[in-house]
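Heads up: the sequence lines are chains A and B, in that order.
Numbering-wise (our numbering), the first sequence opens with residue 1 and increments by one.
Numbering-wise (our numbering), the second sequence opens with residue 1 and increments by one.
Keep in mind the hints are simulated off the structure, nothing from the lab.
Built from N, CA and C at the ideal position, the CB exists for glycine as well.
One thing to keep in mind: the hints can contain errors.
Chain B is nowhere near these chain A residues, computed Cβ spacing over 12 Å in every case [what the hints assert, rightly or not]:
#1 33
#2 64
#3 132
#4 174
#5 246
Here are some, though not all, of the chain B residues that point toward chain A, as calculated from beta-carbon distances under 10 Å [what the hints assert, rightly or not]:
#6 8
#7 23
#8 28
#9 50
#10 51
#11 54
#12 103
#13 135
#14 136
#15 137
#16 157
Which bits of chain B does chain A cover? Going by a derived footprint, with three or more residues having C-beta under 8 Å, they are [said to hold, decoys possible]:
#17 92 to 101
#18 104 to 118
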Amino acid sequence: MGTKICKENLQQIIKSVPMLSASASRLLQLTSNSDHQLLDVVNLVKTDANLTARVLKIVNSAAFGLINEITSIDRAISYLGERIVISIAIGDCAGKLFEKELSGYEAAGGDLWKHDLRTAIAAREIVVQTELEVSPDLAFTAGLLHDIGKSLISDYLQGTVPEAIELISSQDSLDYLEAEEKIIGVDHTLAGFELAQAWQLPEELAEVILYHHQPGNASEEFRLLVYAVHLGDNIAMLGGFGTGSDSMQYRLDPKYTDYITLSPKTLANVMLTVDMEFEKLEESLNNLGRETT
Amino acid sequence: MGQVILGVGDYGASKTPGDEVKTFALGSCVSVILLDPKTRTVGMAHIALPDSSINKVKAAEKPGYFADTAIPALLHEMTKFGCHKKGKGMVVKLCGGANVMDTNDTFQIGKRNALAIKKILWAYGMGAVAEDLGKNFSRTVSISVESGQVMLSSPGRPNWQL
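Isolated chain B (complex conformation) (with noise of 0.2 Å):
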């Protein structure tokens, strides 16, 4: 079983059955995670930022860092496999963009990450039809390529499923 662990900024995919795509400790970043039923693809963006037009040269470097970059390159590796390369007939999950506690309006990264990333996906006719996203606890992430199930977990908290 092999594994493909995605750090901040990372982007990736899988139709290996047996392989699993993680990322680890989301706080106000956001997984978008790609489920393709047609080609059993799939694939994961941690996205730390909403706005690659604060540092250009990083974004070319990793698109993965920003969402208006991340979802362009993701869709762009899934074609590798065979996927739809605007994502027609993709399943669309998010989790993550947790903020802290009494957090103010300049702190809501967790929130503008996700509100980016919907803005993006809907461009593409995308909808997540499952989130788990807000709140205050970081969350590790895991994805099954065999069966597509999405599991979170969270020091303290029983494991849980998207």
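The following block holds chain A by itself, in its conformation from the complex (with noise of 0.2 Å):
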């Protein structure tokens, strides 16, 4: 049996964690508005010294192989891309509930992460394969950041997993969500979304935290977003990248195809540009949560 956690707990447990930096939080919301430029996140990263610090390290170590090094912020950013930064600027002050052992899940350190991972560069590929109205790089961010409940309710679900998986095996629960929900009280979108409340993030990223495994229910300016990030998210489970014990147990909303065109060909093009790209990221942020300034 987990602990049931109360509506003051959950506060209490939002205090605990870190908060967002002042740059990353203004990024977050410069980024989310659709006529920023990257002149603008330029600016922004420049008013950090320690972000474009870790930029530049980042650009230059050795899993982008360059030859001369680069100097410049303003280069090192049209570089990396918008995606990367926001990485690096959530990763920098959040690291470590992106990196936690998720033992209510049967996770280890770092599963979390390379779902997250793994969720945003789906996301964004379904955005750019299938040409949806959504920017590809909030579909990253959003991606990104649409599990971070997990580690928030993780500590109380620990020594639940036999328990919630035979819940949705007898069809007691329809998904892991209710699950979490019937045995600790909250599911890990709503102990998400709280958080993205304290963190102030923009409307959309809350509500895909909020909606992801139940994209219908967003509202309708956010909606595709929200289905983008719904089929990223079963995308990385099917790749072998879950979170431990929920992997797969969740529904896949067939109403999707309202909003996406997805052939089986676009699908497998997605899940082979998820394996190569994550490879490629995933060496060059290694350092997330451990190199915290």
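Build the complex from these two chains, which are given one at a time in their own frames, with help from the hints.
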């Protein structure tokens, strides 16, 4: 049996986790606005010396294999792209949450980050390859953050894995989300949403966190984005990168076809790209959470 | 005791008693296991997608990734251990190929992988004697080279043998 989490507990948990830095927070606000330009990102990063140093260190790391060192932050950001800069910024302040061992899901330390990174790449690829009217980089950021609630509730789920699996197998619970709610009173989407509020995340990111398993419930203006992350999440799990016991224990919303046209061949291409991009990105971002400044 | 750990798109074999051939967290991927009783060799491929025609460059780089290139590559690898080049006498086992719940046709990648693999094995005159395919959970597989025993595990479930 897990320990029930009441509202006050949840607020306590949220108070105990790292806050986003001012620059990470502003970066997320800025990049969720469709009018922004890369120059705005550059100017924002320049105001944060730690972030600037981290971005330069990563662009010059072995993973990118550059022959000449990049010393200007402008060039570094245009080389890496917005999504990698955002990953670095989030990782710098919340790396511990992403790297945490999710013992309540029988998942090792780092599994959540890998799952999130793969969801991010997959959501972005869905947007690009099916030409959705969503910013590809926003889909990436949303994928990165969608499961953040798991690291908040994992400790309370310790020892509950067989019970959760049994609830789903016996059809007493529809999916792992319902099982979490039944066992500890709160599921990971709600916990993540509360954190999104505390972090003052843009509305569309908060909706992705809350509705990524029920994309049909998202408000209409953000629904495409939420569906892209919903599919990205499923693709990450099918690729063998879940977060332990809950992998593939959710339902695919068949209504995605009203919003996204995806052929088996395009899906295969997305999955292949996820594998290839993940290798590259994981290597370049592998110090996440261990080198926080 | 050595371990031969295979990632997505990898294939490999061992005939060293005491070795274990292992792959982690198969989702829709399928593990093809070839056991050769004559040379006591264990081979495995961790296959991600059914058909290499979508990316020939990747297929040349990592033949184990696609069903149609993985099986010839694995059989070729096993000839280095003295096995028959067309798999004569080998015992075949298959596992993985999971799907998400409420999956639709497009998302049945696990099923498409399993079908493509069976078709190719059939062309070699091979068929699986045991399989644990489909459903909606991830599987970690390990094979003892000494006994040929195939063990499966998944979070929240007791381990089982194939």
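Indices of hints not satisfied (ascending): Hints 4 and 5 contradicted; others consistent.
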